[in-house]
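Following the hints, position chain X against chain Z.
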Amino acid sequence: MDSGQALSEIQRLVAARRYQISLHAKQRMIERQIDQRDLQHAIAHAVTCGASGVDQVSDWTVTGPDVGGESMQVAVAIDDGVVVITVF
Amino acid sequence: MTNTTMITIEHTLDGRTFKGQVGAELHPKYGPLFAPEALELFDRKVAQLAASQGIHGPQSFRFLRKVAHVTMEEAARLLRVQRSTVHRWETGDTEIPGGVMETMRALAFEATKGESVTRDRLDAALEVHPSSVDVPTFGRAG
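As they're listed, the protein sequences go chains Z and X. Take 1 as the starting number for the first sequence in the working numbering and just add one per residue. Take 1001 as the starting number for the second sequence in the working numbering and just add one per residue.
Be a bit skeptical, because a hint or two may be false.
Said to hold, decoys possible - Sample of chain Z residues facing chain X (criterion: CB under 8 angstroms; computed from the structure):
hint	residue
1	Lys26
2	Asp35
3	Gln36
4	Val57
5	Gly68
6	Thr86
As the list claims (entries may be wrong) - Ranges between beta-carbon positions, derived for each pair:
hint	chain 1	residue 1	chain 2	residue 2	range
7	Z	Ser71	X	Val1133	46 to 52 angstroms
8	X	Val1133	Z	Arg37	36 to 42 angstroms
9	Z	Arg37	X	Arg1016	20 to 26 angstroms
10	Z	Arg18	X	Ser1052	32 to 38 angstroms
11	X	Arg1044	Z	Ser71	25 to 31 angstroms
12	X	His1087	Z	Gly4	34 to 40 angstroms
13	X	Leu1026	Z	Asp55	16 to 22 angstroms
14	X	Thr1004	Z	Arg17	15 to 21 angstroms
15	X	Gln1082	Z	Asp55	37 to 43 angstroms
16	Z	Gln5	X	Ser1052	42 to 48 angstroms
17	X	Gly1031	Z	Arg17	19 to 25 angstroms
Claimed, not checked - Partial selection, computed: residues in chain X whose CB lies under 7 angstroms from chain Z:
hint	residue
18	Pro1032
19	Pro1036
20	Lys1066
Think of the hints as simulated: they come from the structure by calculation, not from any bench. The model shown is predicted, which means the values in this text are computed figures rather than measured ones. The beta-carbon is built from N, C-alpha and C at its ideal position, and this holds for glycine as well.
So that you can see chain Z by itself, here it is in the shape it has in the complex (with noise of 0.2 angstroms):
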């Protein structure tokens, strides 16, 4: 899968509500006062898409918007289906 097969899956499964958030993400969205309609925005709204390498658990990084506009960077794994929203 390259990286705008991956992100159009991330964003079909996010758009469908099929992720789920580890705790080290929510911690971190918590610290950063992120919610998760900038989770989504981010994600619908991605200008890139790459291989991730912020840890060890995550694929891909994707960066977009969140609702104010601001850029910010979700690190993420499709796995069976299901995008996991590793951290921010």
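Same frame as chain Z, but now just chain X:
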């Protein structure tokens, strides 16, 4: 079979910590994984408690604004200030007036209940009213 457990999440807002347990799936690779609905419910409960306890401060304002589904631009419009003022409130550069905080608490609390009394009132106050209004006539001459 899916292995599930309850995980304690702490959400600190301006020095006050809200703690609750949320159900999670224990994944062998990713650790505890939360369903989006479970975390949304937790956030709504935190917002209700924070709003009803009169919380005040920059983190609380931003959190409640997001729970209320109000962007910075909308907050500025509804509260009749510049967007930069909202930004300074959220960064703690400027003290948030008590009335503003009270309004944001109400917006968030109502949003968690699916209500919009305060939002409707603020929107109505922003409507342009004509300078001359006809009042119905009562009684009759003679």
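Unmet hints by their number, sorted upward, for this structure = none
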